[in-house]
Amino acid sequence: VSDDALRRLCRVLLVLNLLYCALALLVGPRIPSWGMFSRVERMDYSLTDGRGRTVNPYDYMPRGSYILDQASMAAAVSCLCRAHPELRPLRLDSAALGPAGDPCAP
Amino acid sequence: VKNSSARFDRASLRLFYRLLGLTLMALVAWELWAGRWGVHAGVLCGRRAVDVGAYSTFWLAVEWSTLALSGAALALGRRRGLAARAACAAMVCSVSQAYMNQKALLLIILFYVSLAPPDPEAPDVERRAWPNMALIRWQILIVYGVSAVAKLRAGFQTGDALRGLFEILARLPAAGWIPAHPVLRLFDAAPLAAAAASWLVIVAELAIPVLLMRRPRWGFAAVVLMHAAFMAFMPGLVVFSLAMLTGASLFLA
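So the protein sequences, as listed, match chains W and E. For the first sequence, position 101 matches number 172 in my numbering, and the numbering has no gaps at all. For the second sequence, position 153 matches number 155 in my numbering, and the numbering has no gaps at all.
Some hints could be false.
Here are the simulated distance ranges between beta carbons [what the hints assert, rightly or not]:
id : chain 1 : residue 1 : chain 2 : residue 2 : range
1  : E       : P184      : W       : S73       : 52 to 62 Å
2  : E       : V127      : W       : R113      : 29 to 39 Å
3  : W       : S73       : E       : E123      : 15 to 25 Å
4  : E       : R219      : W       : S117      : 45 to 55 Å
5  : E       : L188      : W       : V86       : 37 to 47 Å
6  : E       : A192      : W       : L94       : 32 to 42 Å
Bear in mind the hints are in silico, worked out from the structure with no lab data behind them. Note that the Cβ used here is the ideal one computed from N, Cα and C, for glycine as well.
Could you put the whole structure together from the sequences, leaning on the hints where they help?
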């Protein structure tokens, strides 16, 4: 790649990068960007297993994972249903995630 | 404004490659410790950017080996171009499997390097312009700038999001060097403290790009300080912090 071509390519990449970031600022957390914990939804929830013991979803995720919004919480619970049938029936109490009950029920 | 050109001296390029190599090796060590193997073994729940399905533990081992070997080569100054490109390919796979900001940032840095990897030992390296490496400087400015603006738009300055974050930290099995509970109690007793801390983060994120451009050494020190403060509470930010330091080192040219 010649120096001129590289310079032109880099200009295009920079413009695309800036446009993407501007778009991400406009549409919010729906697309990945550099929000860096700018939005953290309050999540009052209680998750218990079939024996009534509290289930901490973070115990079933790699370290360094964060559940920052309801959608991530729903995905984590859905994964628990799939990967850990020994916990069922789970019971999830959360005003934000729908009526209390077994989140694994079809 | 210092360092506005796309020229870099040998020492800063060598430092950049060393830090990049160390960051890649730290990423692999971090993922081993964090338990990403369990995601691919079907025991733990991971997060994907695209729903491509988790690949087997064999391919995870291939990904980690590629990243670790490339990281070692970059840190030792061997076959830097090949190492950067191999790491870039492995990082594409890694991001598709477990999306995280730290990996997205490393992928962008590796991609820019791979376009035209400068050889710090080449006689003309300081005379040539390296616009692809200047893009990495831009990326660091963009990350801080976008983060600050996103926080202001989301109302981070009220302190509610920071309090929510500490609630999450208090639930994590692996605590930071400073436990979250005392901070949470402080925020409950004095809500203004959460708002003040939030403003401090935003101001730092706005000030660091200016410092990096006008006073690179002060800016680099500010990057170290701010990320050390974050890591004290959130051990998961080690790799992201190293990636930011790697990019910021290019301002020291």
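Results of checking the hints against the structure:
1. E:P184 with W:S73: 52 to 62 Å: holds, 58 Å
2. E:V127 with W:R113: 29 to 39 Å: Check failed, 52 Å falls outside 29 to 39 Å.
3. W:S73 with E:E123: 15 to 25 Å: Holds - the Cβ-Cβ distance for S73 of chain W and E123 of chain E, about 22 Å, lies within 15 to 25 Å.
4. E:R219 with W:S117: 45 to 55 Å: Roughly 50 Å apart at Cβ, these two residues keep to the hinted range, so it holds.
5. E:L188 with W:V86: 37 to 47 Å: holds, 44 Å
6. E:A192 with W:L94: 32 to 42 Å: holds, 38 Å
Hint compliance for this structure: hint 2 alone is broken.
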